[in-house]
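Next come the chains, spelled out residue by residue.
Protein chains: 2
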Amino acid sequence: MKIGIAQINSNIGDFPRNAKRIMQAYRACVDAGAEIVVTPEMSLVGYPPRDLVTKERFVSKCLQALDYLADETGDVPLIVGYVDFHDFIQPGRPLRNAAAFLHQGGVRQKIWKTLLPSYDMFDEHKYFEPSSECKAFNFGGRRIGLTIGEDIWLEDYIRRPIYQRDPIAELKDDGADLIINISASPFHTGMPKHRASLLEVVACGANAPLVCCNAVGMNEQLVFDGNSLVLDADGNEISNLPGFISCFKVVDITERGSEAPSMRSIDVEDVHKGLILGIQDYAQKAGFGAVTMILDGNVESSLVASLAVRALGAEQVKVLVIPDETQAVESVCRAIQLVEKLGIEHTNISVDVVKQSADLVLGEILTDLDHPLVDQGITSRVRAMLLMAYARNNNYLVLSSANKSDLSIGHQFIGGDSSLGLAVLSDVPKIIVHKLANFTNSEKELIPKALIEREEEASKNSHKYGNETVPPYVLIDLILELYVNYQLSCDEIIKGHGYDENTVRWVQRKVDLNEWKRQQAAPGIRVTSRAFGMCRRMPTVQGFID
Amino acid sequence: MKIGIAQINSNIGDFPRNAKRIMQAYRACVDAGAEIVVTPEMSLVGYPPRDLVTKERFVSKCLQALDYLADETGDVPLIVGYVDFHDFIQPGRPLRNAAAFLHQGGVRQKIWKTLLPSYDMFDEHKYFEPSSECKAFNFGGRRIGLTIGEDIWLEDYIRRPIYQRDPIAELKDDGADLIINISASPFHTGMPKHRASLLEVVACGANAPLVCCNAVGMNEQLVFDGNSLVLDADGNEISNLPGFISCFKVVDITERGSEAPSMRSIDVEDVHKGLILGIQDYAQKAGFGAVTMILDGNVESSLVASLAVRALGAEQVKVLVIPDETQAVESVCRAIQLVEKLGIEHTNISVDVVKQSADLVLGEILTDLDHPLVDQGITSRVRAMLLMAYARNNNYLVLSSANKSDLSIGHQFIGGDSSLGLAVLSDVPKIIVHKLANFTNSEKELIPKALIEREEEASKNSHKYGNETVPPYVLIDLILELYVNYQLSCDEIIKGHGYDENTVRWVQRKVDLNEWKRQQAAPGIRVTSRAFGMCRRMPTVQGFID
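Sequences listed follow chains G and X, in order. Reminder that position 442 of the first sequence reads as 881 in this note's numbering, one-by-one numbering, no gaps. Reminder that position 190 of the second sequence reads as 629 in this note's numbering, one-by-one numbering, no gaps.
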C-alpha cells in the first residue's frame, strides 16, 4: 500500500489557503501513485489556533472547508486534521482536536484526539474533549489505527506519567495493522532524534507499520520541523521526509525498512534551518515583503542579517548601519563589509545627535546621568526609535538580534533592543550564537572568523554590565540550561554539578527578577526545549526565592 | 458555630510572608471567638502560581510552610489553601489544588479541588489532578463539606456545561450540613453581584449554611475583590466582608439571614477600588516605593495620577509634566494645577529638542517624515525614553495611562506609550475612563469638569489618527464589548445589534491585526470580563477573517 505523506505548512485560521495547499498536495500525491494521502494534525486549521477556536463561527468555517475537501476527494482517501464541535448538550469541553478520513466525496471517519497535552506550550485540555475510545477502521485490506499527535507519546518520552489511557494498546486490541499518526510536533534541539526514537518504539510495540506525518512551518513562535517518518513493524526506517521543508513523498509501507531511523544529531544545522524558516514564515504570514534591522558589526546582528538573506533573499533585507555601543569605527567597517558580501541595501545613520540632545534634557533632571545603565538605556532606545520610524515609513518588519542569554538575565531594554518585531535569537544562547556564526561561514566567510574567535574568547571571561561584574557567558549558559531548561534548583546545580554558589545564585535571581521584561519582549523563534514565553509561564511578580 | 473568615492578600510564592499573614489573621479570629478559621484558596501560595508549581521544591517548601502552620494551630481549626503533590507513581497531573484542615498541631483533613477551571485566564488542568470523590467530615457537631473555588460554580453560571461532576451534590449525599468554599475568584465589573447570586443558589440547593472566603489583592494582572459572604440555608445573607480590603470577621452561622445577598451593582466604584488596589499591590509586591508617570493634562494621565495618589500617598508619586501631543500650553497648565491639588512632586521637561534632533537624523533617510504616524511614533517613544531614564535613575515604577479602547485598535506605540511598567488603564475602555474621572471628582474636583465634558463630547465624534478617520469612541467601545467581551461575530453585531457594517468591520480588523502589539504591551489590571493578555489568548499572526 502506497501512502502519500504531505507535510504541509498551514497558516492559523486561513481556511481557504490551507484547503488549497492540502488539495494541491493531495493531487500531487495521487498523481504519484498514492493510495491514501495523509496531512498533519490541524492541517486545515494551522496549529496552535489558541483562543480562536472558542469562536463558534471559526469552527463552522473549518467544517465548511472540510466539506469542500471531502467533495474534492476521489477514490484515493485523504486524511485531514481539523477542529470539530464536541457536543452541545453533553457536558465536557466544547471541541475536538479531530482527524477526518475523506473518501469519494464524503467524510467517512472522524477520529478524536485522546491524549491532550497540557504542559509547556500546550493548552489542549482547555479547548478539547478527549475521545472516549480508540477504534480502528478498515480500508484497502488494512485495519487502520489513526492517531493524532500526543496519542502515540509513550510515558517514557514525556517526563512523567500523565495519562490513564494508551491509544496504541486500544487500537492494537481493535486489530489495527497500520498506525497512522498525524502530528504538529514542534522543533527544539534534539527533538527530531528524540521523536524518531519514540516512533521506533511505537512501531515495535504495535507490531505494525507506522506512518508519522508532521507539520512544517512557524506558527506562534513554534517551528514545526516536518521530518515525517515511515517505519516498518520492526521499527526500521522505510523512508523519511526532509526537515524544515514543506514537501510530499509517496512511500510503500509494505516494504521492509533497512535500519533504525537515522535522524542525525545535527543541532546547529537544525537550529540554522529552523531560524531561517522562522524568519521566512513570520514575515510571509504577517504580510511583510521586506525586513529591516540594525547592523552594528557584532556577531549577533551579522548572524541575523545573514539568516534574513537566506530566508528572504538579499533584496528583501534593508539594514541601518549604526556603530555598536562602544562607538568603534571598526564595527561600522565590519558592518559595511558584511553588507557588501550579502549584497543588501544599507543606510548609515548615527545616534549621536539624538543621544546628545536626550542627555541635555535629562542632564537637568537626573541625579546620575552617568549611571551606565541609564546611559545604555538611552542609546538602546534611541536606536530602536530611529529603526521603528524607518520600518514604519517603509512597511518593513523589524528584526532584533538580542540573544537568549541576555534576555534571561534581563540585559535588554524595554522599548529598546527587546521591543522589536521578531526577536530572531531570543531563544538562542550566546554560545550557540557563536556556533551558528561559524556554521553560517561554512560556504563562504561572511562573518569575520577573527571576530567570532575574539567573541568566543571574551565569553570565557567576566564582563561589566552597568556597575556590575557579569560572570562569563560560557558559565551563564551552562547554568541557564540547568536552571531554565531542566528546572533544577540552585542547590542541585551547586552540589550536583559543582558550580560556584555565588554565580548560580546570581543567575537564578536575574532570571527570576526579569520575568516582567521578558513578558513585554518581542516574539521569538523557539529552538531550545524551553523557550521563554509560551513554554515557561512564570508569574511576573512573585516572592519565591529558588 | 462561629466562623472566622480571613480574606487574606497573598504574594505568589512568598511562603514565609503568607504563613505569617495567615497566622496573624488566625490569632485575631481566635481572639474574637472564632471556632473555625477559614482562609482563601491557595492562601499559602498566592494565586495564580502558574509554572512555579512545576518546580518540585516549590511544592516542598509549601508543604514545609503548611507543617509550620499546623504546629501553630491549637484547639480552633484553621483551613488553608495550598498546593500538594498528587502521586509520584499513579498516572495523572503531578499536583493538587488543595485545602488543609489543621487542628491541634496536625493536618487532619486534606481536600482536593474537583472542578479545575481551564478557560479564560484559568489553566488549572495543566497542573492539577482533580479529586476522585467529594467527602464531608465531622467537626464540632457539624458535617463540613469543604470545597475549593470552581467546585461550587453551577453550570448556569459559567457559559456552558463543562464538568461531569457536581461536588455539592456529592457532599450533600455524604451528609454535609455546612458548606465552606475557599476561593480566589478574580474581580471584573459585575462579578461581585454575579458571584453573590451564585452563592445564594448554592446555599439553597445544598440546604445548608454557606461560607465563602474569597482572596483579596492583585496577582498577575488579576484583582481579587474579597467580598466574602456567609449565607444561611435559605440563601439569605447572614454577613458579608467588604470588597478590595484585606480583613477578617467572625460570623455566627447559626443565625438566620435577613434577606437576599445585597451586593450592589456599583461598577464604577468597584473599578475605582480595583485599580487603586492594583497599583498598590503591584508596586508593593514588585518592591517599588514610588511611581512615576507622564502627566500631560489629559483625562487619562490625570486619572492615573489621582489613582496613584490614592493608592500610595502623594509622596510616592513623582510625575514628569510634558505637554500633550498637540503641544497645547493649556495642557501643561492643567497638569500643573492637578499637581498642586494632589500635592505631588513634579518635573517639567520638554521633548522638543530630542524630537527635533530625531527629525533631523530621520529627515535624511525617510521618504515621508511627515507621515503623522511616523511623527507621533517618534514623539511617543521620545517621551517613553525620557521617562524610563528618569524612572531607572530613581528606581521608580513607571505607570502608563493608555486606555483599553486604544490598545484594542492598536493606537499605541511599542517602545512608546504601550511599553511601560504597569498599564493602569489597559483594561478600561475610554467611556469608563470618563466615568472614573467623574467618580474621582466626587469628593473634590481634581480633574476639571469642563475637560471631562469636552472629552465626553469629543468621544461622540470621529477623530483623525494618522491619515485615517476613526469612528467615535462611544461606538468603538460598544462594538468592542460585543466583539471582544461577548465574542460575537461581525454578522451578529451588524444584524443583531444594528451597527453600521463598515464601522464594525473596521473595529474587528483593527482588533485582530494588533494582537502582536498587545502581546508586547505592559501588564495591566483586569477590570472587565475579558481583559487582553491572560483572558484572551489569540494567535499573533493568523489568517481568519472574522
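Any given hint might turn out to be false.
Identical copies look the same in the list; a pair holds intra-copy or inter-copy alike.
As the list claims (entries may be wrong) - Straight-line C-alpha distance at most 27 Å; calculated DSS-like pairs for lysine-lysine: (1) K794 x K757; (2) K500 x K712; (3) K794 x K956; (4) K494 x K934; (5) K888 x K903; (6) K757 x K549.
Worth flagging that the hints you see were computed from the coordinates, not collected in a lab.
Consistency of the hints with the structure:
1. With identical chains, the CA atoms of K794 and K757 are at most 27 Å apart both within one copy (23 Å) and between copies (24 Å).
2. When the C-alpha separation of K500 and K712 is checked against a cutoff of 27 Å, the pair qualifies neither within a copy, at 33 Å, nor between copies, at 42 Å.
3. Taking the shortest Cα distances, K794 and K956 sit within 27 Å of each other both inside one copy (23 Å) and across copies (26 Å).
4. In this assembly of identical chains, the alpha carbons of K494 and K934 lie at most 27 Å apart only when taken from different copies (18 Å versus 50 Å within one copy).
5. Taking identical chains as interchangeable, the C-alpha atoms of K888 and K903 lie at most 27 Å apart only when both belong to the same chain, with a minimum of 24 Å there against 52 Å between chains.
6. When the C-alpha separation of K757 and K549 is checked against a cutoff of 27 Å, the pair qualifies neither within a copy, at 48 Å, nor between copies, at 62 Å.
The structure fails hints 2 and 6 (numbered hints given earlier, in ascending order).
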